[in-house]
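Given the structure of chain P, go ahead and fit chains V, E and X onto it with the hints provided.
There are 4 protein chains.
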Amino acid sequence: MKNTFGSAISVTLAGESHGGAITVILDGILPGLPFDADYIASRLSLRRPSGSISTARREADEFSVLSGVFEGKTTGTPICLTIPNADTRSRDYEATAALPRPGHADYTAEVKYHGFQDYRGGGHFSGRVTAGLVAAGAVCALALHRCGIFIGTHLSLCGGVEDRPFGNLAEDLAFLSDKSFPVLSPEAGERMVAAIEEAKREGDSVGGLLETAVTGLPAGVGEPWFDSFEGRLSHILFSIPGIKGVAFGSGFGFASLRGSQANDPFAEENGTVVTKSNHSGGINGGITNGMPVLFHCAVRPTPSIAREQDTVDMKNGGERKLAVAGRHDPCIAHRAAHVVNACTAIAVLDLLAERYGTDLTGLSPLSKKEG
Amino acid sequence: MKNTFGSAISVTLAGESHGGAITVILDGILPGLPFDADYIASRLSLRRPSGSISTARREADEFSVLSGVFEGKTTGTPICLTIPNADTRSRDYEATAALPRPGHADYTAEVKYHGFQDYRGGGHFSGRVTAGLVAAGAVCALALHRCGIFIGTHLSLCGGVEDRPFGNLAEDLAFLSDKSFPVLSPEAGERMVAAIEEAKREGDSVGGLLETAVTGLPAGVGEPWFDSFEGRLSHILFSIPGIKGVAFGSGFGFASLRGSQANDPFAEENGTVVTKSNHSGGINGGITNGMPVLFHCAVRPTPSIAREQDTVDMKNGGERKLAVAGRHDPCIAHRAAHVVNACTAIAVLDLLAERYGTDLTGLSPLSKKEG
Amino acid sequence: MKNTFGSAISVTLAGESHGGAITVILDGILPGLPFDADYIASRLSLRRPSGSISTARREADEFSVLSGVFEGKTTGTPICLTIPNADTRSRDYEATAALPRPGHADYTAEVKYHGFQDYRGGGHFSGRVTAGLVAAGAVCALALHRCGIFIGTHLSLCGGVEDRPFGNLAEDLAFLSDKSFPVLSPEAGERMVAAIEEAKREGDSVGGLLETAVTGLPAGVGEPWFDSFEGRLSHILFSIPGIKGVAFGSGFGFASLRGSQANDPFAEENGTVVTKSNHSGGINGGITNGMPVLFHCAVRPTPSIAREQDTVDMKNGGERKLAVAGRHDPCIAHRAAHVVNACTAIAVLDLLAERYGTDLTGLSPLSKKEG
Amino acid sequence: MKNTFGSAISVTLAGESHGGAITVILDGILPGLPFDADYIASRLSLRRPSGSISTARREADEFSVLSGVFEGKTTGTPICLTIPNADTRSRDYEATAALPRPGHADYTAEVKYHGFQDYRGGGHFSGRVTAGLVAAGAVCALALHRCGIFIGTHLSLCGGVEDRPFGNLAEDLAFLSDKSFPVLSPEAGERMVAAIEEAKREGDSVGGLLETAVTGLPAGVGEPWFDSFEGRLSHILFSIPGIKGVAFGSGFGFASLRGSQANDPFAEENGTVVTKSNHSGGINGGITNGMPVLFHCAVRPTPSIAREQDTVDMKNGGERKLAVAGRHDPCIAHRAAHVVNACTAIAVLDLLAERYGTDLTGLSPLSKKEG
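Protein chains in written order, with our numbering: chain P, 1366 to 1736; chain V, 1366 to 1736; chain E, 1366 to 1736; chain X, 1366 to 1736.
If we strip away everything but chain P, and leave its shape as in the complex, we get (with noise of 0.2 angstroms):
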């Protein structure tokens, strides 16, 4: 199921960086839900360059829906949602696409497609095609947000520079909703910008950091052993280009913390239990305990950089020297957050309907429509 994630909702994904379009394919969403397209665009809009710190190709990211919705709403069939291709410079890698860019897909992709694979801005592998996943994830976070559940991710970490945490997630999710380099300072997000901008003039790229917060997802959820919340979640999150690390609470700083301290107490509160911290990040033995999720995705810096580098020559051998042309981004960390959101909003949804029916029934009764 190479190009094809999930269960009950199903994603497939289709298209090349300089092919006609990108294609995606969302299935199980449930019938009547309002089709929102100006909120999809404005997510498309959230990932697509722009500024001095993203690659000067702009596209307009208008999608075409062919399927799946009708007078408004989603028919419960599945909804197909293409995004055209259209400023593509394919001169730019013709000149080296015998000459592997370290870092990058171009040498695994060779080997694996044996030399067949569309070599055009990374083909299959670009950054380009996560505008499918972002599409795709917008209608699942619409069906999300019916049942109170959001999602929101900001650069902790970019440059050498912090983010201040999470503080109100209901507020911090709010504040980050429309922003395109979500930082929760707007302080620290300049001094990031200008670390990024630094980095380009020096022919360089830089990764990052990026927290993800969950809030009202119900206990229960997540199918152990195997369909594990963090399982699942990690499996989707590590498609996304460049992303090399995930970990939920306290993540990688378990290591060193001692039991006493990285147990979350129970409590009541309302009625309800909850934890009076989230070291967690909301999640016991696969499950969800109720608390909010969290975690962390690791964004290598953008392996296409100006710097000249060592390579081999793919067709016929040899070992050549790279400065890698064409146009690229210093830094993807800022958009890869809101294909993060994407995925998980995809993720989460996905579990959710095996757990509780197609129609999510007994989470948010669906309403016949009305003759």
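Mixed in with the good hints there might be a few duds.
Note that the list lumps identical chains together, so a pair holds whenever it fits in one copy or between two copies.
[Unchecked claim] Calculated cross-link-like contacts (lysine-lysine; reagent style BS3-like; alpha-carbon spacing at most 25 angstroms):
#, residue 1, residue 2
1, LYS1680, LYS1544
2, LYS1734, LYS1438
3, LYS1686, LYS1438
4, LYS1680, LYS1438
5, LYS1734, LYS1544
6, LYS1680, LYS1641
Just so you know, these hints were derived from the structure itself, not from any lab.
Then chains V, E and X, alone, in the frame of chain P:
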């Protein structure tokens, strides 16, 4: 597919801590593989608690082969292994069945299964169930060894003590292959054990960090987008109780690197393409590049500790105090290392069988049985 | 997913005719279902050979519950059942291990598994393995009964004798529920048995036709396109050894009908939409319409017959003659009926759990266990 | 996985009769396969309605390739094809949106999707959607042809007229390969067309019987128990609108045979094991035996007929009369034949890729693209 993992190779897991037995069904293993029961027993033995730093519960872990093996070789049909539970002391749990242990799955299981779960010893969420994973993983490892693929894990950080990093992988993996407490530096190991014993004396527990290497993998393995090598592997790794973070190559360190530092330059070595560094952990674009695969797992401290903690009464309501009795590990990280090896073997063999076919045609040709 | 079937509910099957045991792991069953071991034993008993028209091999079919049941109820975690093999006479098979029985899987298994398969008694391809399916199906049937859904199968044609068609389904299914040789007309049954005995005397075997009814299904079950009710059900039905045809409603009779004859007119009955006829077998567009689901399965004659047949020598080459010794059934159709019931229960419960959630929320509300 | 089918090879289908387009994403196709757009167009053309015996709706079925093809060859990444809907007359359906057509999916879709489905022209349940299957199946057929595997289907019974049975399969499949109305006997074909026209004049429709042959398959394909060749193939075949029965080899005829008649004796022919007859339809124990695979599909008469039928009002309640307007086929069996070929190609290629690997290593070696 809650308790089944994998595609071409699949593992189905059943059992509870105090039930009749742990059972695992391993499907898709090629026919004709010598079934080395001693090797499987040795893997179970490494996972088994021993000495002062483990639970006092001691299971013989003698397994029965119920199907899939004939005349000492695999048949190609499902291999069913059972490991009976013998040394169970359920009384330890009855008194506190209603009091969920902080950090453990007691509360989430109660919610998910509406109170019908087997609560004794953590039931289906017990680390005991990993014996099934270790047995299945051992069979997968035997198949990988024939293809020249080896896996090893060391405890790189525990109780504030660091192990030395991986050096010569062939030597290090050979060294680790029979170590129950898997460290590369015996001296570091002794200090770790001392730290674990100290935590135990204080009624507490410690976490740890694991580093795993996979050698001998061909380039081209992994199925983008969603079945990336990282995605499939992390999916099963997060099934292991206590694993809260998974990171490949430089992992969370990427967040603080620049592209020029993080990229692995290509070079040629004896006619093969290699990378001069391995920050990517052997994976680019979700596909192996022929270098060793490297990753870290963060292990939380054992939730079950003797110290008094705050909890709630799930049956009658109200807040309570809990000091966990029963037999528990002050550290599970070293035991988890063997489960990480097993899960890695399962996920890697699955991806290989998907790429090369159920007989691994082309990777390790299979001989027909002689008449 | 070779030996695992299902999505929300899944069954994993392992075992060979002369191996240690048949094992089945059933996952996804809702927690709190009373585990009626007597009912399961009764289903195994119906499938068991008996009398003059079955193999002389007699297994007690006593099963062990290794996991998933606690205090007499299902826990919501995987249920593992094993059924040991006891009455095996492997010598019967050694002499002819190289001579594939026409119509049986001996030759195809030899090719597929390169000669490493367990050939004794048909190995993994033996009808013996269906005991695992029957046990798992019985648990699913118990869950369905709580939702008011019932399944029954009769032998509608065997040895040239026709049973009477289904009439009042509630009465007919109740009547069939404890019949090992399931016919609606006892007189027709006697003539079928006589025909089977005659075939046996002549060293031969007979086939048969099965008709199955499922009552109580809500409308709206089935997941087009590819997970149509018919598609999912036929997928598992064709796993049953000897089943070579599956047809819904009027089935192959549709080929000779006109639309005006084949369409089922809609009507209202007590405020519910019904159809006046049921040529569609309760399914339109792959989705249940609320009428009883009806289908036929064609069962081939037992391949193992005493008469001399032409075969080949798989080890040494050359053509040979073979008269199958060992203990075999002159007819498997009546025994297959119980496996059809089991497989139907599995597939139906799976589709229901996919639609209504793992707890079947909304279909049959689950009570929380009392403290 | 509602609208996705397959494992190593997968097809995801989206679209409605009167929506923007039918879209299909085909994943897992090996890289380097020449993408013969003319062949795909020719398959769509054969499925397209034409002449007096089909609906008057005429779609050009011009498809766009949105991804997965580069420089005239497949890339190994997902192939996305869209087929726009153009000739839609939605007005035909508005008046009767509340009146479900007997035998069609109108009522079941209303229940399943709570009234939010796109009802126009049958929406997602329209035969129109099979254009996507035919396009995807054509690509799979191209891959199979390279391995020497061919598929063909004829209309063996329609309107009371029988076609001659298959004879020389190589010649018959070649003959059928460009026939829109696929019969082996032109004379029988003429009489069938006359019968269809007569039914049409009478405001009625007819069903039919299809027989399919697959030649060139190696022995050993199929994955027992649950992924038997029959199970996987029937699963997708039952997705085709109107298919209500699937039977392999002698199929329902087995019910009236004895073992001595039904078994296929083995023999050697030019050093290869063959069977002297082929009652099993090329499959034993769910695995191919190297003989041609043969099966029948029963096709119901088109539900949409001009004659007045009884129905109900889904919006306001009450019983109604309905005479279906709109443009409809008096017979879909001959058009379904091309969809059966497509679905067979998909299922067969999937099983082959599962056994031989994504590159079909060992079955049809892949050359590396020249530099």
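Status of the hints after comparison with the structure:
Taking identical chains as interchangeable, the C-alpha atoms of LYS1680 and LYS1544 are never at most 25 angstroms apart, the minima being 44 angstroms within one chain and 45 angstroms between chains. Taking the shortest alpha-carbon separations for LYS1734 and LYS1438, only the intra-copy value of 10 angstroms comes in at or below 25 angstroms, while the best inter-copy value is 39 angstroms. Taking CA atoms no more than 25 angstroms apart as the test, LYS1686 paired with LYS1438 passes in neither setting, with 53 angstroms inside one copy and 30 angstroms between copies. Proximity of LYS1680 and LYS1438 under a CA criterion of 25 angstroms is satisfied inter-copy only: 18 angstroms between copies versus 51 angstroms inside one chain copy.
Taking the closest pair of Cα atoms, LYS1734 and LYS1544 never come within 25 angstroms of each other, the shortest separation being 35 angstroms inside a single copy and 45 angstroms across copies. In the homo-oligomer, the alpha carbons of LYS1680 and LYS1641 lie at most 25 angstroms apart only across protomers (20 angstroms), although the nearest pairing inside one protomer, at 59 angstroms, exceeds that limit.
The structure does not agree with the numbered hints 1, 3, 5 stated previously, though it agrees with the rest.
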